[in-house]
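S.K.: The residues making up each chain are set out below.
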Amino acid sequence: MKKDILKILSPTAILGYGYPIESFMAGMAEKPDIIAVDAGSVDPGPYYLGSGKPFTDRIGVKRDLRCMLKEACLAKIPVVIGTAGGSGAKPHVEWCREIIMEIAREEKIAFRMGIVYADIEKDFVIESIKQGRTEALDGLPELTEKTVMETKRIVAQMGVSPIIRALEKGCDVVLAGRAYDPSVFAAFPIMLGFDPGLAIHLGKILECAAIAADPGSGSDAVLGILKKDSFILKTLNKKRKFTALSTAAHTLYEKTDPCRLPGPGGMIDLSNVTFTELPDGMVEVRGSRFVKSEKNMIKLEGSRCVGFRTVSFAGTRDPVMISKIESIVNDVRKQVDNLLKAEKTKAELNVHLYGKNGVMGSWEPGGDEFVPREIAILIEVVAPTQEEANTVCSITRSSMLHYGYEGRISTAGNLAFPFSPSDLQAGEVYEFSIYHLVEIENESDLFRCEILEVNGEEK
Amino acid sequence: MKKITEIAKVIRSKNCSPFDLTLDIILKNRQYYEKLKEQNAITRDLIAGLYRLPVEKIGKIIWYDPACAVKFSIRRKISSGAPGDTDVYGAQQHAPLLALEFDI
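Those sequence lines, one after another, are chains A and B. If you want the working numbering, it's the position in the first sequence, counting the first as 1, plus 29. If you want the working numbering, it's the position in the second sequence, counting the first as 1, plus 1177.
What the hints contain is simulated information worked out from the structure, not anything from laboratory work.
Have a look at the derived ranges for each label pair, beta carbon to beta carbon: (1) Q454(A) with R1207(B): 52 to 58 Å; (2) V320(A) with T1220(B): 25 to 31 Å; (3) K321(A) with E1215(B): 32 to 38 Å; (4) D1222(B) with R346(A): 36 to 42 Å; (5) I1281(B) with E127(A): 55 to 61 Å; (6) K1237(B) with G161(A): 24 to 30 Å.
Some chain A residues close to chain B (C-beta under 7 Å, calculated; not the full set): (7) D72; (8) P75; (9) A278; (10) E283; (11) K284; (12) W392; (13) P394; (14) V411; (15) V458; (16) E460; (17) F461; (18) Y464.
Beta carbons: idealized from backbone N, C-alpha and C, even for Gly.
Work out the full structure: start from the sequences and follow the hints.
M.R.: Printed below as a string of structure tokens:
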């Protein structure tokens, strides 16, 4: 091992969410060995992967990247960006690449950039199904060839190897597609011989920037200091500190089991981890272990288009209508169903009753008993075409507006619309179709790497 | 009897995958945590009742000493963002837990 200590600067939890420049520069003053940032998540849902659109704002991403790239070039340290553009498929990576090229020209900076794509060919996945190399996650349906064919875009969560390969080729900037979040932080230290268990656990915390500190924040920079047998977390903003409890509590976040975190090629075992508070709001972590799995498995993600959505939003304040809202919705639904049958239109109709049980539906502990003062009614239609969705939404809305329910005294209309037009076209609707494991031979073969010499001073 | 809001500092839900939610209860101090854990005060049956779900939909209850926290997962009705879903991030499914009270 060439180095005994490695410092990783994490500016923000998601590229584009921003960070105080003071915290970032305090981090640069620590002379970090690398800047790394996670740029995506599956949290915003299946639309972004399927449609190829980013969920982060272009101006925000450019602002965050500009400072990172400029300072990294000055300090001659690498920058690693993972899950570019939010979902990390090719259109997302290209979007982020374009932003980086713009910054290079505007700032007149030069660097070697490695672009690592995470897109997976359908043929590869189908072949893997045939060879029995795919695996469903607990209790979910097995992957089928039909599902693969229906899926718009497939990516895989890369581990550290594809990023290491780009770094080994001397890349100053690594722009990676879909990556297991900690890989973005752990690749460089693992390449230099640091312990993978510690490096991945550190990456798991750093990918959320200051969320694990107290008070937590996803838009503030923190520093990770990796050593041979431990790592130290340090905040870069005096307002925050890491505590043993805040750091331990973070391992719960968004995970099923806080002691075993599975990832590409293995898992980190955190059952014997200790958290020790040091002066100045720092915490030292020991005992994180990487356990390689028998089979080299990585996770695939895919999203398929299930139709087009049109919505209409309205309120009701009528106590009679509110008292029988469920039966009114059922009656309207029947009317609409009959019309659809006659016209042979297929559509999914959901009527969300906000103010009653719009958020939790059947999980709502009070059931249907609660009587609110007003209810917001969101009519949601998903149909094979936008036109059909518009039609069904229109029928439902007008039926609901004029429905003559029993006991009705307000005969001019049942709904208060906030907008004109009342119906909004929401475009394509996606659902996650693939969230499966696949066994692979060699990780680096699957993730194509392209090297680009970027020179912002050239025309 | 103590209300959960008196003894817990964090009660939250969030996706842990597009198909599952994970719910965390972080207690205010180790004494509260140890008492709940000793009494086995949070069980899959209790959670299933609260959410009006069959017990198979509730994952293993995990007591995590380092953070004074207890957590479990619930299989989603509809995957995140698919038609009919009402909580893409799964961040607002914790409210039934707020009604819990414990004899400690």
